[in-house]
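Protein chains in written order, with our numbering: chain Z, 1 to 368; chain G, 369 to 625.
Derived by calculation from the structure, the hints in this document are not laboratory data.
Fair warning: this is a prediction, and the values are worked out from it, not measured in the lab.
Take these hints with a grain of salt, some might be off.
Facing chain G, according to a computed beta carbon distance under 10 Å, are these residues of chain Z, among others [to be verified]:
no.	residue
1	V103
2	L225
3	A233
4	A244
5	G245
6	A365
Below, simulated SDA-like cross-link-like pairs (lysine to any residue); rule was C-alpha separation at most 25 Å, straight line [stated by the list, open to error]:
no.	chain 1	residue 1	chain 2	residue 2
7	Z	K224	G	A503
8	G	K602	G	E407
9	G	K544	G	S438
10	G	K424	Z	K224
11	Z	K224	G	W487
Covered by chain Z, per the in silico footprint, the following chain G stretches (three or more residues, Cβ under 8 Å) [to be verified]:
no.	region
12	465-475
13	479-492
14	520-528
Idealized CB from N, CA, C, for every residue including glycine.
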Amino acid sequence: MSRPGFADEGGSLMIEQVVVSEPENEARSVPEAARRRLAFDRYHLLRLGLVALRAGPLLILVLLIAVVAATTPVFRTSTNLGNVLSQTSVISILALGQLLVIVTRGIDLSVGSTIALSSVVGALLYQDGHSSAIVIVAILATGVAVGFVNGAIYVWGRVPHPFIVTLATLSAVRGIALWASDGTLIFGMPGSVQKIGSDRISWFPISYFVVIGLALLVLILTTKLVWGRWLYAVGGNPDAARRAGIPVSRVLITVYVLSGLAAGFGGLLVAGLTNAGSPNYGQLAELDAIAAVIIGGAAFAGGRGHVGNALVGALTIGIIRNALNLHNVDAFFQLIVIGVVILLAVEADVVRGYLENRFRVAQAARHA
Amino acid sequence: MSAVLSERAAAVLSVRDAIKRFGGVTALDGIDLEVHAGEVLALLGDNGAGKTTLIKCVSGALRLDSGSISMDGVEVAIHSPRDAQALGIETVYQDLALFDNLNPIDNFYAGRELAGPGWVPRSLRVLRRRRMRDATEEVLERFQVVLPQLDGTVGLMSGGQRQAVAVSRAAAFASKVVILDEPTAALGVRESRKVLDLILRLRDEGTAVIVVSHAMDHVMEVADRAVVMRRGRKVGEVVPSAETYHEIVSLIVGGAD
């Protein structure tokens, strides 16, 4: 057993360092240098690839807009652009909530049903003659309540995965909406709700102002405040987060409450747009929201994703639908296209993971 | 040997008569342990000797069934990792407890972010990012840790760099004791070297360092003192040197001298 220069006295350490490092320097001959240069180039190539993948969803959206605008004159009209934004606003808001959930490795399947229930609650209260302020607060509070139930059952009930909890509430909340409304559409929404849901300033829909406002709030929450750090820490390594003293349970419950609140805002916009509440609103909206977050480039495995991902993903879906509509493509075909785009986005995430592994090796070689 | 040890001032950390049972198994069977400022203590022993249980009790992950823990001669209660951290004890477990999706700065400050203002609930305070970055840079420079970039996520770093982030994070926040569980187990020669240098720098700054390791070469190199455990008891306390190497090995495996 050879143990050169262990520390029986302080000085022997230095000696060992010199002895170890010198022969290695001599051994670094020409092929070694060439190999290192190659590793260096690979490092930059991989880095470029990762940057491209990170910017990928936005580039694809820009490309999509350019192609559709060039091939479809109607698309460029301000009325149509307003339509696109208006049709995208609910998905965008749901995607903002879903983003927070997905960053913590979760999923919220209940948001579509929550849209229905909150619109029904609002319509019933308005029918009973309550003021518009009460109607708006009740719509949003319904979302918060459903979100809280999701989070509380998931965290305190120690359910292994939020998929199960929110699958249950997807069913139950829709059921409550059907029961409360007798399964029928209830007409009538306060003027202010109608305004928020359907009015436009020039061509720009007010509903998209709501999107922008909520996006700014989520942006501040995720990037500027302590809570945002906790969010990403919980998503990156829940055990380590707990050991670091981060209130993991509270963060998780808050995430589902915010996703529920987002669904409440979704319900508000849908109810305003249609001047009604209905137990059939928001069907499959949860899948649109999840698709938007993934298409936008957030990681389904959690820990990574930002506001830009949610908005870009939602716009991509909205523009694909709009373009296919303008070209009178069958609605069935739209579903296929969206499905393919989701698969491409997930595959891009796989490629990204692969490149990151290669990058780690290249970087270690470079800094050795 | 023990005469030399008792010459020193009160230990920074001392554990007295610690007992910990898991069901019918006695993991710690009345063990005593002391570490002094500016000392590297190696905790040795075969698998199941109770090393990990002991450091978990000191770092607040487990609670002793009986026995006492004192810091600077004053008995303390350690019931959670937070308690240990507040007393100036930081632990680096083998899994490193890093956040792969965050950069080194955010890893340093996860759970103890610098933020304000104070009257706002903690979760809604605004991050003081510049201060956290400056402080992290200062610590990394002090320990001569070189990282590719402070903005890159830790998940994209090599094993040695990740270990360096975890150890320097512990070092930055530990005012008294740093505990390292197998700090070189997953590393190559060159990267191990860097971590060992980091341990020595920590010692030179006056921190007490406890190292749990199976790598005898590394122990012999950095440890000022080695405590050997077997079946939850201390079976020997040795100053590592060429002469005592075989003594330590036979203490670990339990062979008769």
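Here is how each hint holds up against the structure:
For Z:V103, the interface hint holds, since its Cβ comes within 10 Å of a Cβ in chain G; the closest pair sits about 9 Å apart. Using the Cβ-Cβ criterion of 10 Å, the hint placing Z:L225 at the interface with chain G is satisfied: the shortest such distance is roughly 6 Å. The beta carbon of Z:A233 comes within 5 Å of a beta carbon in chain G, closer than 10 Å, and the hint placing it at the interface holds. A distance limit of 10 Å between C-beta atoms decides the matter here; for Z:A244 the minimum to chain G is near 3 Å, and the interface restraint holds.
Residue-level restraint check for Z:G245 holds (minimum Cβ-Cβ distance to chain G is 4 Å; threshold 10 Å). Because the beta carbon of Z:A365 sits about 9 Å from the nearest beta carbon in chain G, less than 10 Å, this interface hint is met. Between Z:K224 and G:A503 the alpha-carbon distance is near 18 Å, which keeps this suggested pair within the 25 Å criterion. Among the hinted pairs, G:K602 with G:E407 is consistent with the structure: their alpha-carbon atoms are about 19 Å apart, no more than 25 Å.
The suggested pairing of G:K544 with G:S438 holds, with an alpha-carbon distance near 12 Å, which does not exceed 25 Å. Using a Cα cut-off of 25 Å, the hinted pair G:K424 and Z:K224 is violated, with the two alpha carbons roughly 34 Å apart. A C-alpha spacing of about 17 Å is found between Z:K224 and G:W487, which places the hinted pair at or below 25 Å, so the restraint holds. Remark: the region 465-475 of chain G is confirmed as covered by chain Z, as 7 of its residues place a Cβ nearer than 8 Å to a Cβ of that chain, reaching the required three.
Remark: the region 479-492 of chain G is confirmed as covered by chain Z, as 7 of its residues place a Cβ nearer than 8 Å to a Cβ of that chain, reaching the required three. As drawn, the region 520-528 of chain G meets chain Z at 6 residues by the rule of a beta-carbon pair under 8 Å; at three or more, the given contact holds.
Hint 10 alone, counting from the list given before, is not met by this structure.
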